[in-house]
Amino acid sequence: MTKNFFAGRWGIICVGAVIGIFAGILQKMGNPGNMGICVACFERDIAGALGLHRVGVVQYIRPEIIGFVLGSLIAALTFKEFKPRSGSAPIARFILGVFAMIGALVFLGCPWRALLRLAGGDGNAIIGLLGLAGGIWIGVLFLKNGYNLGRSQATHKSVGLLFPLIMLGFLCLMFLYPQVAGENKSGVLLYSLKGPGAMHAPLFISLVIGLVIGFAAQRSRFCTMGAFRDLILFRHVHLLTGLISLALFAFAANLVLGQFNPGFEGQPVAHTMQVWNFAGMVLAGLAFALAGGCPGRQLFLSGEGDGDAAVFVLGMITGAAFAHNFGLASSPKGVGPHGIAAVAVGLVVCLFIGFTMRKNIKGV
Amino acid sequence: MSITIDARGLSCPQPVLMFMEAVKSGNESTIIVLVDTDASKENVSRAAESKKYTVTDIQQQGDEYQITIAKD
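Same order as they appear, the protein sequences are chains A and B.
The first sequence begins at 1 in the numbering used here and counts up one residue at a time.
The second sequence begins at 1001 in the numbering used here and counts up one residue at a time.
What the hints contain is simulated information worked out from the structure, not anything from laboratory work.
We treat Cβ as the ideally placed atom computed from N, Cα and C, and that holds for glycine.
Honestly, I wouldn't trust all of these hints.
[As the list claims (entries may be wrong)] Which chain B residues face chain A? A few, computed with CB under 8 Å, are given here:
| no. | residue |
| --- | --- |
| 1 | G1009 |
| 2 | E1049 |
| 3 | Y1053 |
| 4 | V1055 |
[To be verified] Partner residues are not named here, just some residues of chain A that face chain B (Cβ under 10 Å, in silico):
| no. | residue |
| --- | --- |
| 5 | T78 |
| 6 | F79 |
| 7 | N148 |
| 8 | E183 |
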């Protein structure tokens, strides 16, 4: 059996470095501030491009997301790790995806972006990361008390291919209906004319970087939620080294590229309502922990045939649509009109899931 | 004494949690863990090493792995 380099300590450090550096480069090439990569924001932009919400400033099919899934698929096929599976409480995972996204959009970023915001000098990210750790800590308490969503089953190969095919379909749509300068619509796709959705690196570069990261992250099992969870649950620091590497290399890249601007006020796509920066990420962290992976990891799992992870991602995209249609998402001005209520509802739903889904596994 | 843990179909961190429970609860000299993803295989192996156990054998049967872990 060949040893998987990426699964070792240096492997995960390399993957963190690759993500951090590429994020800096993507920002330099056009992606929004401190948002070289953000899985939550980018899925939200995809929801917008498809017209699932109609907020004109966040509409763009982000090729990075497509690349993450297809890169992971290529890695999984290459190393014979493509394992089509599903059936572990899909509806619960969908709901967790919905509220994970809502929590992330109250803070304005997924865990990757929280690290990138920190690496770009945004002090508000510290509060978000503390919230994330707090949410994961609550999730760990549930795990310690027997919480789990049950076993998945092996299934048809084509089931595992469905989500990567959806991503391929989105890519085809981008080629069929390319962005037209000055137009907010091309065929069936919506394109932002201003705001974060209008800021993006060239399609081909975004796609290739997405493929590279997807490939490497599948091999390394890179997961930001897992980093905190394994630290709290087992005192394991393996995944955490990858996370620290991401932050440090993104910081270095930002210094080199002149993208480091320390402070709390006026940070790009961020607000300073700290209670809700914290609470939003508590909700997101708890939902990630209950679902078994951060948004990035769920994409990579989807690429290697995990249908339950794919359902979580679809939940996130749906959650993004709700977040913008209902005024739950924050903006640089602060939380949305119903953001606080949504966080409260989300926490109640997550606690319901955590307390009631304790299937007794007869594994021993 | 040996004990077998069936963690097939369970996503992380469940397989590691089940392994840790076996470590805590028993005096088994050998723990056999069944998993069906490479990530679980690596996680359980890593957990074993951190608990001063040694992975003595990994058998692949189709899409599944049988990991044999012995106390040092």
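Now for the hints, and whether the structure bears them out:
no.: 1; hint: G1009; result: holds (3 Å)
no.: 2; hint: E1049; result: violated (10 Å)
no.: 3; hint: Y1053; result: violated (14 Å)
no.: 4; hint: V1055; result: violated (12 Å)
no.: 5; hint: T78; result: violated (12 Å)
no.: 6; hint: F79; result: holds (8 Å)
no.: 7; hint: N148; result: holds (5 Å)
no.: 8; hint: E183; result: violated (43 Å)
Hints 2, 3, 4, 5, 8 from the list above are not met by this structure, while the remaining hints are.
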